[in-house]
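Please take these sequences and the hints and turn them into a complete structure.
The primary structure of each chain is shown beneath.
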Amino acid sequence: MDLTLVAQGLLSGLLFGGVTSLMAVGLTLIFGVMRVVNFAHGDMMVWGMYLAWMLSSRAGIDPYLGFVVCAAALFVLGLGVQRGLVDRILDAPHEMQILLMLGVALVLENAALVAFGPEPARVRSSLTLPPLWLGPLFVDVARLITFVIAIALTVLLGLFLFRTAFGRRIRAAADNPYGALVVGTDVRRVYAVAFGIGAACVGAAGALVAPILPFQPTTGLGLSVASFNIVIIGGMGSLLGAFLGGLIVSIAESLGAVFLAPSMKELVSFGLLIVILLFRPAGLFGKRAA
Amino acid sequence: MTWLGIAALGVLLALPAVVSSYVLTILIFIFFYAFLGQAWNVVGGYAGQLSVGHAAFLGVGAYASAVLAQEVGLSPWLGMFVGGALAGALGAVIGYLGFRFGLRGFYFVLLTVAFAEVCRIVVNNVEAVGGAVGFYITFTGDPRQFQFRDNRAWYYVTLVLMLAATGIVALIERRRFGVYLAAIREDESAAEALGVDTLRYKMLAMIVSSFLTGVGGTFYACYLLSLQPNAVFGIPLSVEIIIRPIVGGSGTLLGPILGSFILTPLAEVSRYYLGQGGWHGAHLIAYGVLLVAVVLFLPEGAYPRLVRLVRARKRA
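If you read the sequences in order, they're chains R and X.
Note that the first sequence covers residues 1 to 290 in this note's numbering.
Note that the second sequence covers residues 1 to 316 in this note's numbering.
Hints listed in this document are in silico derivations from the structure and should not be mistaken for laboratory results.
Fair warning: there could be bad hints in the mix.
[To be verified] Covered stretches of chain R (chain X as the covering partner; in silico rule of three or more C-beta atoms under 8 angstroms from a C-beta of chain X): (1) 221-228; (2) 263-275.
[Claimed, not checked] A few chain X positions that, by computed beta-carbon distances, are all more than 12 angstroms from chain R: (3) Val11; (4) Gln70; (5) Gly102; (6) Gly134; (7) Asp150; (8) Asn151; (9) Gly234; (10) Glu268; (11) Val289.
[As the list claims (entries may be wrong)] Here are some chain R residues pointing at chain X (derived, C-beta under 10 angstroms): (12) Thr4; (13) Pro93; (14) Leu99; (15) Gly103; (16) Val104; (17) Val107; (18) Leu108; (19) Glu109; (20) Ala111; (21) Pro217; (22) Met236.
Positions of the beta carbon are idealized from the N, C-alpha and C atoms, including for glycine.
Below, the structure is given as structure tokens:
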């Protein structure tokens, strides 16, 4: 086995991991606060990609700027889904919540199919720079920019949650909604904002990954499943777990593509998932048991 | 109620004589999805263990009997039981891992999804069974090979499948097994405290359910004559399997059948008409909206609601 190849796999996995982390952080935020699993997560991300595509092809806005608009649009969508749908079934059995979100996922995926058709789309960034060379390893600049912005956004989100008053209210509502209500928090509003932020994460992640990854409406399902894997591996509801889990899974898949075959790289994360589910359902970095 | 059932059976038996071939095809799919829904109902409805990976059992059953028929020459009439047994074994593995390690709710959902996805990826990469290209069955039209030239024969095959599964579920419902499953669904800890061996009965439910689904795989293979890993093992098929019993009323005997009679024609007709206008995917939007509406307004399903309406009318 060629060592350069392995190092290259490690590096590209790490660079891709920034976006996967952002995506998983969004999912774990929604779960941590509302205890609802967003089955439409990947489909929301695909809408982020298509929005970036429209901005770039119609208005000439580069996805590395357009991601702000995509995040804002997805924030509104997430807020609407929480206010209009999820709010009504917060106390329903898990099964009902899963089915509701599956319904939302079906609507989002197929609305994209009707609007944009089944052919794969790709966004071209105007920032096409030659790859950088680190000794024998090459660094794709698009991936590097995507990685840097995604990590910056994740850090910003962390600062918001841990350093601002509203962030504290979100964490309070996640820890103990009743207690938060008692001390005068508008929990419904906190929930709506939390779902909005979770969706905004994939809005931005979708726009950022659009120049790297060709996509089509059916891409969403795989992304949803990938984010579930990551948050379970990292620990459901744990922000740090989702962040590190995203990097770990991305690197593991990238190495899997080197050692097995590119079409079998997902096998690595599913294998990891099954092992984690059985032996440490609380995840690598989670505290709460299943 | 008995008379109503006999009358309905009579109508179903006589139907192929009067309806067109197109309607017959829709009815075949109604029965087949009702059968799959009924199979899922055992573990998903009665035992309350939400599996979103049932496509794996259908796929294992379909591939097993198709490969045995093409490569070894084993008739699918026997192959369907081999496929069922393999699917049942897979169900036993998934069930044991899930139940033994106490995975509930979302965790169990993900375990079933993960196994189905692993099957999909593996089959996509096994060239011996066609890999990503898929596996094809030669059409002979020989009834001994579980192939029929006449759609009416397929009609009766799927009718028998649906009635057999419903008979099995009726049997389960009336026995102690069914009561135990309901107890597990309603409150697992309480059931355990009362001495119900919950692991054993959940396992049994899973094995019966996956065995039946695997048997259905043989129909899928022999009727459609081509197996694509992404279609047969995919999550969308699992969603198709669970949506009918849930809309009809999961954990009820007639819910899956009612659900299939509501949804299958809706899917076929809207696929046909909306697809003609280039609106691919529009029928799945309708599906999604329906799923959301059922959760919000009809969480117990259509059949229980129907029963209550009929009873209220009788009393009035």
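So, going through the hints one by one against the coordinates:
1. 221-228: holds (count 3)
2. 263-275: Since three or more residues must qualify, the claim that chain X covers the region 263-275 of chain R holds, with 8 doing so at under 8 angstroms.
3. Val11: Given that every Cβ of chain R is farther than 12 angstroms from that of Val11/X, nearest at about 32 angstroms, it holds.
4. Gln70: The claim holds: Gln70/X sits with its nearest Cβ about 24 angstroms from chain R, beyond 12 angstroms.
5. Gly102: violated (7 angstroms)
6. Gly134: Gly134/X clear of chain R: closest Cβ-Cβ about 15 angstroms, beyond 12 angstroms.
7. Asp150: holds (35 angstroms)
8. Asn151: holds (30 angstroms)
9. Gly234: violated (8 angstroms)
10. Glu268: About 16 angstroms separates Glu268/X from the closest Cβ of chain R, which puts it past 12 angstroms; holds.
11. Val289: Given that some Cβ of chain R is not farther than 12 angstroms from that of Val289/X, nearest at about 6 angstroms, it is violated.
12. Thr4: violated (26 angstroms)
13. Pro93: With a closest approach of 8 angstroms, the Pro93/R hint holds.
14. Leu99: holds (5 angstroms)
15. Gly103: Gly103/R check passes; min Cβ-Cβ to chain X is 3 angstroms, inside 10 angstroms.
16. Val104: holds (7 angstroms)
17. Val107: holds (4 angstroms)
18. Leu108: holds (8 angstroms)
19. Glu109: Glu109/R check passes; min Cβ-Cβ to chain X is 7 angstroms, inside 10 angstroms.
20. Ala111: Holds, because the Cβ-Cβ distance from Ala111/R to chain X comes to roughly 6 angstroms (cut-off 10 angstroms).
21. Pro217: holds (7 angstroms)
22. Met236: holds (8 angstroms)
Of the numbered hints listed earlier, those contradicted by the structure are 5, 9, 11, 12.
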